[in-house]
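**Q** Those protein sequence lines, which keep their order, are chains B and P. Using the working numbering, the letters of the first sequence correspond one by one to residues 1 to 297. Using the working numbering, the letters of the second sequence correspond one by one to residues 298 to 953.
Hints may contain errors.
[Claimed, not checked] Partner residues aside, some chain B positions facing chain P, computed with beta carbon under 8 Å:
id, residue
1, 64
2, 66
3, 77
4, 78
5, 83
6, 87
7, 243
8, 250
9, 252
[To be verified] Label pairs and their computed distance ranges (CB to CB):
id, chain 1, residue 1, chain 2, residue 2, range
10, B, 296, P, 323, 46 to 56 Å
11, B, 113, P, 310, 40 to 50 Å
12, P, 812, B, 151, 34 to 44 Å
Hint data in this document are derived by calculation from the structure and do not stem from the laboratory. Quick reminder that beta carbons are idealized off the backbone N, C-alpha and C, glycines included.
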Amino acid sequence: MTGRTPASSFTRRTFLSAIAAAISTRAAVASQAPRVAVIDWALLETCLALGIVPLAASELVQYRKLVVEPEAPATVNDLGLRGTPNFEMLRLVKPDLILISQFYSYQRAQLERVAPVLDLPVHQAGTPPYALLESSTLKLGEALGHRTGAQAYVETTADALARARSSLASGRTRPVFVISLGDSRHFRAFGGDSMFGDVLAQLGLQNAWTDTTSYSAAAPVGIEALARAPEAGIVIVEPAPPETARTLPRNAVWNALPAVIENRVSTIAPVNHFGGLPSARRFARLLQTAVGNWPAA
Amino acid sequence: MSGRRIILPWVGLGILAAALFLFQVYIAWPNGRDPVSAHLQSVILEYAVLPRAAVAILAGAALGLAGLLLQRVLRNALAEPSTLGISAGAQLAMAVATLYAPMLMAWSVSLVAFAGGIAAVAIVLALTWRRGLEPVSVVLAGMMIALTANAASAALILANGDYLFSLFIWGGGSLVQQSWDPTIVIASRLAVGLAAALLLLRPLAILGLDDASARSLGVALHASRLAIVALAVWIATTVAAEVGVVGFVGLAAPALAALSGARTLGQRIVAAPLIGAILLWATDGLVQLTAGVSGERLPTGAATALLGGPLLLWILPRLRMMEWPMLARTIVVSHRAARPAVLLSLAVIGLVFALIAALLAGNGPDGWFLANGDLLADLAHWRLPRILVAAASGTMLAAAGVMIQRLTGNPLASPEILGVGAGSGAGLAVVLLVSASAGLAWQIGGAMAGALGALLIILTIAARGRFGPERLLLGGVATGAVASAIVTAVIAMGTSQSYVLLAWLTGSTSQADFGQAAIAFAFMAPLVGASLFFSRWLDILPLGTEAARSLGIPLAAARLSVIMTTALLTAIAALFVGPLSFIGLIAPHLARLLGLGRARHHLIGAMMIGATLMVVSDWLARMVAFPYQLPVGLTASMIGGPYLIYLLSKGVAARG
């Protein structure tokens, strides 16, 4: 993060090692997994990918539909919505550490009454997030006594992206729009500062949306904006509103897009767009298949 | 037919809209070098730019017509899709269908929207049937239904964000087009509506008279009225389904038609759709003019709401609101208990029991349990502030409810309709718009400023009628509608602030801490004290103006003090539990049903009951979907809803 002074980074490091020490002692004594609760989904994914099964995590019902992998085992206690986690439930499961991202910093004081809180940044508007995700993964691994596992995961993820990059390079590279459909007439675009946009860059693909991302539901853009890059392909990330299946094929502007006429449109399963490295991998994999299906230029 | 017909400004506005349209055509004119982009540009001109203008014109006309029909048959100058809860009902239906019956949405969005809209109107009409669809009560009921539906939609959006992305866009009312389909659909509805309106010219004219005259002229009163309402809802929800919520055009167009000199119904049937078309077309032209690369900064529907709000406040004092015989004051004390002290003690015991139960009983990973010892000490840190905030808010809303019902003599009056709750939301929205990271102190400050601003507007409107009940209620409803429109517009911008506002709309106490509890009590104590101080006035005010004067009450001063106190109580409570709860509506009723007739007893009893209900609502909010938490505003509405239906079955008119 920008603006952090060396002094505070030192405190962060001492804090991390203190937690790691506390947890590993406990783990050594009880030979248990670290008792951790996770509020942010990107960190939840990362924990699960490192083989750490949290004691509790938030909004698992939606997680299983929208993030999908890595799978959250049934033993994880649900903490309710991310925006309003159930502090009582948290207190009852009594974790030793709570993981949040900067999106949930406002809950920190309440959460700290239960256990120490580790706040790992995952996304910042205007900055490509991949490097941030790598460093947060490493910090998470360090804090939970999985340093080598985290390092290995960062490396295998980078390898996976590099392999995807070289296999895509053998084909043609067109610019790609990554969008999610808002309704029959609007979409949400993912720019270079989004996880999708950054993975596109890692894969050597050009993002057809040159503006930054408007996060959450933001400033939906009319479909006609896709005509700005007629040569581009389009990747639609689910979920899509149910009515679009009927209305989009009747949309004259949509039907006139070269991408639609020339079959350069693919729909991929849901991916957490605020996700961590596991979601980045999932997106790269789905994207590779989707783009691979397009006819050669 | 007088010479006071004002046409020139409309011609001017129409020319402006046309100029803005031609500018868009000029920008979009195909100039691509290669055939691919030249073809795309011509498609965009033909299927995006042109139909957008057509939709703006047709949707504006359709909303103007729908508003005119509703206002005519309900004889209510404030009737329109948003004040009757039609838009909110349609939105809730669409949210529910998207989540639980996606097939329905895939099949026909219009039908889902119509079902929601007609259900909302049906409830509003059923609630006010026995009061003879008296305008003020219709609008009050519409407001309550709209607030409830909005809170429920907001809760669904919060719990299912990515699946309900479309509702953000829909709530903003974007006129972006990519085919002629919506134009054709809206045009066909408008044609049917206009044809029906012209065919029904005579019954419509008669329905504008009072019921007795209408009946003596041989009109099948209820059947024609309901048929026309259904037609208007059909037109309005079609527009809603095709382009989303477009606020205030339905309200403003008929009113402006009347103010521009359209006297007869026939003239208005022509003038209202025309004015609606010009208003929407011009607004949409301005919206397109300010659009950036990543889309429009403000969707058109939100823009009409923001522009229409001040317009509405300007129109309001100029309209003849009361084309309806006002019903006599209806507060009737059913019975008065012999020993109110015993009842009040029982109410206190009930509250204490609820407080203890809410503190101790809870759910967990291993099922239900009563907390004690260390666990209780830990849990109390979260439970107690919530319980205290809920109790204080319930108390304040109940006190506010007693005062407003006694002041207005309207048993459907509830603190929410003063508009100060919505006003505090608008203040919050503005603060969040200026700075996304505004802290709690700024948020509270903004909310207070918004509430005070709303209060000033209401008082200005009410002052013209010496703070009489009708002006007060209408001013409150109008201000509330404007403030809600501001909140909706900021939510429709879809930033992270939207979620803060959505959480506020649903009324969540989940982040309550002891600091908030202290603030709540610090405001509650003096305000509740003041309300008890007014109890003699509150005993006399419901007896009517004459009685109050003859008993030597300083009428304007008494009303003003009561309004101010009520507004402050409501604003503070709305800050903590959101704009809607029904507690301020039902606690005063329950206290009266118990036989607490004198104002002092009525106030204290209602406050105890209000606090108890709110504590129970908060407990339910924590427990019903454990570990997921529901917003307390929503659970309170779930308690209040059935009571409203009970009121309905007993007949509101007979009860106070």
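**Q** Look at each hint and say if it fits the structure.
**A** Hint check:
Residue-level restraint check for residue 64/B is violated (minimum Cβ-Cβ distance to chain P is 13 Å; threshold 8 Å). Taken as an interface hint, residue 66/B checks out: its beta carbon lies about 6 Å from the nearest beta carbon of chain P, inside 8 Å. With its C-beta approaching chain P no nearer than about 6 Å, residue 77/B sits inside the 8 Å limit, and its interface hint holds. The beta carbon of residue 78/B is positioned within 8 Å of a beta carbon in chain P (closest approach about 5 Å), and the interface hint is therefore held.
At its closest, the beta carbon of residue 83/B sits 7 Å from a beta carbon of chain P; the interface hint therefore holds under the 8 Å criterion. At a threshold of 8 Å, the smallest CB-CB gap from residue 87/B to chain P is about 5 Å, leaving the interface hint in force. Below 8 Å, beta-carbon pairs count as interface contacts, and residue 243/B has one with chain P at about 5 Å; its hint therefore holds. Of the supplied interface hints, the one on residue 250/B holds, with its beta-carbon coming within about 6 Å of a beta-carbon of chain P, less than 8 Å.
Annotation: interface hint on residue 252/B holds; nearest CB of chain P at approximately 4 Å, less than 8 Å. For residue 296/B paired with residue 323/P, a C-beta distance near 39 Å fails the hint of 46 to 56 Å. The beta-carbon spacing between residue 113/B and residue 310/P, approximately 59 Å, falls outside the hinted interval of 40 to 50 Å. At about 43 Å, the beta-carbon gap between residue 812/P and residue 151/B stays in the expected band of 34 to 44 Å.
Checked against the numbered hints above, the structure violates hints 1, 10, 11; every other hint is satisfied.
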